[in-house]
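Given next are the chains, with one letter for each unit.
2 protein chains.
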Amino acid sequence: MSSYVWISHLVTQGVYGAYTLGVSGNVPFCIMKKDKPCPDVLCALLGTRHPIVQAGMVWCTGWELAAEVGKAGALGTLGAGSMYPEELKAEIQRLKAAWDGPFAVNVPLLYPDVEAHMETIAAAGVPVVFTSAGSPKKWTGFLKEAGATVIHVVSSAAFARKAEDAGVDAVVAEGFEAGGHNGREETTTMCLVPEVVDAVSIPVIAAGGLHDARSMLAALALGATGVQMGSRFVMTQENPAHAAFKQRIADAVAGETRLMLKDVTPVRLLRGPEGSFFDQVHHAEEEGADAQTLRELLGRGRAKRGMREGDLMEGELEIGQVSALLDDLPRAGQLVDQLVQEFKAFNTRQMAKGFFWKGLE
Amino acid sequence: MSSYVWISHLVTQGVYGAYTLGVSGNVPFCIMKKDKPCPDVLCALLGTRHPIVQAGMVWCTGWELAAEVGKAGALGTLGAGSMYPEELKAEIQRLKAAWDGPFAVNVPLLYPDVEAHMETIAAAGVPVVFTSAGSPKKWTGFLKEAGATVIHVVSSAAFARKAEDAGVDAVVAEGFEAGGHNGREETTTMCLVPEVVDAVSIPVIAAGGLHDARSMLAALALGATGVQMGSRFVMTQENPAHAAFKQRIADAVAGETRLMLKDVTPVRLLRGPEGSFFDQVHHAEEEGADAQTLRELLGRGRAKRGMREGDLMEGELEIGQVSALLDDLPRAGQLVDQLVQEFKAFNTRQMAKGFFWKGLE
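Heads up: the sequence lines are chains R and F, in that order.
If you read the first sequence in our numbering, its first letter stands for residue 1, the second for the next number, and so on.
If you read the second sequence in our numbering, its first letter stands for residue 1, the second for the next number, and so on.
Each hint should be verified, as a subset may be incorrect.
As the list claims (entries may be wrong) - Counterexamples of contact, computed for chain R against chain F with all Cβ distances above 12 Å:
(1) Pro-127
(2) Thr-149
(3) Ser-201
(4) Ala-221
(5) Ala-244
(6) Glu-274
(7) Asp-279
(8) Arg-331
Claimed, not checked - Mimicking DSS-like on lysine-lysine, the simulated pairs with C-alpha atoms at most 25 Å apart in a straight line are:
(9) R:Lys-262 <-> F:Lys-262
(10) R:Lys-162 <-> R:Lys-71
(11) F:Lys-71 <-> R:Lys-358
(12) F:Lys-358 <-> R:Lys-71
Keep in mind the hints are simulated off the structure, nothing from the lab.
Note that the structure is a prediction, hence the values are computed from the model and not measured.
Backbone N, C-alpha and C define an ideal beta-carbon position, used for all residues, glycine too.
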């Protein structure tokens with residue numbers, strides 16, 4: 001390492017500013033390239049202390065969770081996808097009464113109440129809006145005029161470019177291992193994040209499989225400027241998910257989640273008891289059921305039934321692969337603190353001894 | 001960072017030795033845990049300069065590739081799974097004539113010629129053997145008596161523990177995104193590596209989705225002590241894969257590989273032209289075809305036909321998701337050099353500025 005000479009040169013670029021870092025010594029010139037935005041850029045965009053987002057999951061968010069996450073310096077999010085317009089209004093009001101810092105609302109753009117939600121968001125001056133499952137073209141302008149930071153969730157580099165073209169401020173690159181609704185490409189976080197980072201100039205937030213300081217550092221190594229965690233925040237005390245669902249997650253082992261209903265809308269579900277909805281879908285898909293049959297089997301209201309009402313037999317249990325690794329139930333603020341402290345210690349420890357080997361010398 | 005006090009304490013453990021690193025300051029005590037083996041431990045085990053393994057893929061390895069990889073300081077591997085016993089013997093002879101350093105042979109334990117391959121390996125004194133697709137119990141003792149380092153490929157923490165119990169020296173944790181034959185759990189590299197690292201004390205080599213310095217650093221952040229790359233080494237000049245297959249990989253975009261034939265043996269394949277074998281399998285599976293039907297459709301010899309003979313229509317094209325990111329065809333030695341140099345520069349750059357943010361201070 002001592003053989004390196006570092007030349008730092010500041011280049012202002014767009015809103016963010018980007019560093020071009022020259023490296024001499026025995027490092028080939030070709031590896032010099034424009035650096036991607038760093039975590040501080042994302043923190044500035046979100047108004048948070050930490051580049052950590054609690055995902056806006058359906059049925060598994062609420063003002064208490066978002067307030068606790070916000071107070072700990074990360075970004076708490078309300079998932080509007082499972083709220084009626086009046087509910088979202090009430091949740092935002094309660095959240096603002098409990099916490100006067102930044103927070104976000106996640107709006108799946110294909111949901112029926114989108115227009116009403118957008119009016120609520122604009123009227124309430126929601127600082128950050130995550131959009132997903134639909135084209136970012138229609139609402140990005142409206143939201144930005146209302147003063148919001150707009151972030152779109154993508155499952156491919158092609159969608160990321162479209163989102164950037166639509167004027168969003170950042171994207172979430174969400175991999176195959178994530179819980180709930182998911183991309184058809186099945187691209188995992190390890191492959192998706194570098195591809196999206198290379199495709200766009202705006203900050204990229206990694207999601208899918210992230211739950212601790214190690215995976216957070218891995219996501220940053222891949223070029224992300226921050227992380228979004230969903231499953232990890234389902235397993236917190238303030239999360240309104242049903243206790244039976246949380247217990248099922250604690251008991252989950254590897255291989256018990258599966259991306260299902262690909263012919264309808266791909267969604268990662270956790271296995272329930274023998275003969276549960278999960279088994280029924282699995283069986284129907286093995287038999288080659290068509291989209292119509294699957295849609296009828298799905299019916300309505302299963303997500304609420306599983307995640308909020310704790311009906312493990314008939315409900316949908318949306319959770320990521322990382323459920324196999326989750327078995328504690330901290331308070332949300334404690335979780336954020338722990339992530340940051342472990343990151344700090346882990347990263348420092350690695351920097352002290354870990355990433356290098358003799359062959360590099 | 002200046003508020004930290006580091007206490008390093010050496011604890012000898014088994015063959016490797018492990019550091020226990022204490023951290024004080026504002027970091028909670030609970031994060032103190034035994035460090036995992038570092039890349040130097042793996043390099044010592046493999047006899048290489050770099051903790052990088054070229055995977056022993058069927059139909060896509062050969063003595064020229066392994067020799068070039070070895071000369072560049074990484075570990076080259078012959079994939080015995082697609083070789084007759086006499087071929088493996090001849091390949092090992094040629095490899096030894098071209099390169100007198102360490103190399104490996106990969107043996108899928110369920111293949112018919114396993115016994116003959118094992119005799120060849122013992123007689124030739126092959127220094128490192130990767131075993132996969134079967135129980136490591138039967139052959140680990142034999143191989144270790146023959147003086148080989150034995151490494152087993154796993155797709156879950158449960159298999160990793162079994163491999164450790166069987167006495168292997170290390171495991172490869174290979175995620176869902178990897179090409180070729182793959183686990184039924186569908187656990188991605190981001191979720192699998194930390195789970196395996198937590199489950200065993202032996203070194204863990206990460207595989208699946210790894211292709212550059214970023215993903216290599218991400219794998220090390222997750223706790224791996226090294227990386228195995230397959231698809232990346234298919235795209236090298238010395239690789240005996242057919243030029244038409246390589247060109248197809250260069251043209252591949254996200255979402256064009258799929259884990260298929262799950263009812264027979266799960267394998268990640270790349271889409272061929274309209275109406276190709278890939279489409280036939282996809283269609284059959286959509287229709288709910290049973291294992292017998294799929295086995296008949298698969299028939300015999302498709303892997304060779306696709307990857308070695310370049311028949312994109314009727315052959316199997318085994319490659320990882322990362323094919324979407326590969327479009328150059330370097331020499332294998334040049335690739336290893338570039339990985340190491342980029343890692344060095346990238347890691348140093350990140351250490352200089354990237355992973356930290358103001359909220360950590």
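Going through the hints against the structure:
Every Cβ of chain F is farther than 12 Å from the Cβ of R:Pro-127; the closest lies at roughly 17 Å, confirming the non-interface assignment. The claim that R:Thr-149 is not at the interface with chain F holds, since no C-beta of that chain comes within 12 Å of its own (minimum 17 Å). The Cβ of R:Ser-201 sits about 17 Å from the closest Cβ of chain F, beyond the 12 Å cut-off, so the non-interface label holds. Taking the minimum C-beta to C-beta distance to chain F, about 4 Å, the non-interface status of R:Ala-221 is violated against the 12 Å cut.
For R:Ala-244, the non-interface assignment is confirmed: its Cβ lies about 23 Å from the closest Cβ of chain F, beyond the 12 Å cut-off. Every CB of chain F lies more than 12 Å from the CB of R:Glu-274, the least distance being 19 Å, so the non-interface label holds. For R:Asp-279, the shortest C-beta to C-beta distance to chain F comes to about 16 Å, beyond the 12 Å cut-off, and the non-interface label holds. Distance check on R:Arg-331: its Cβ is at least 14 Å (rounded) from any Cβ of chain F, clearing the 12 Å threshold; non-interface status holds.
Distance restraint check for R:Lys-262 and F:Lys-262: the Cα-Cα separation of roughly 16 Å lies within the 25 Å cut-off, and the hinted pair is therefore satisfied. About 33 Å separates the Cα atoms of R:Lys-162 and R:Lys-71, which puts this hinted pair outside 25 Å; it is violated. As the CA atoms of F:Lys-71 and R:Lys-358 are separated by approximately 16 Å, the hinted pair is consistent with the 25 Å bound. At roughly 16 Å between alpha-carbon atoms, F:Lys-358 and R:Lys-71 fall within 25 Å of each other, so this suggested pair holds.
Going through the hint list in order, the structure does not satisfy hints 4 and 10.
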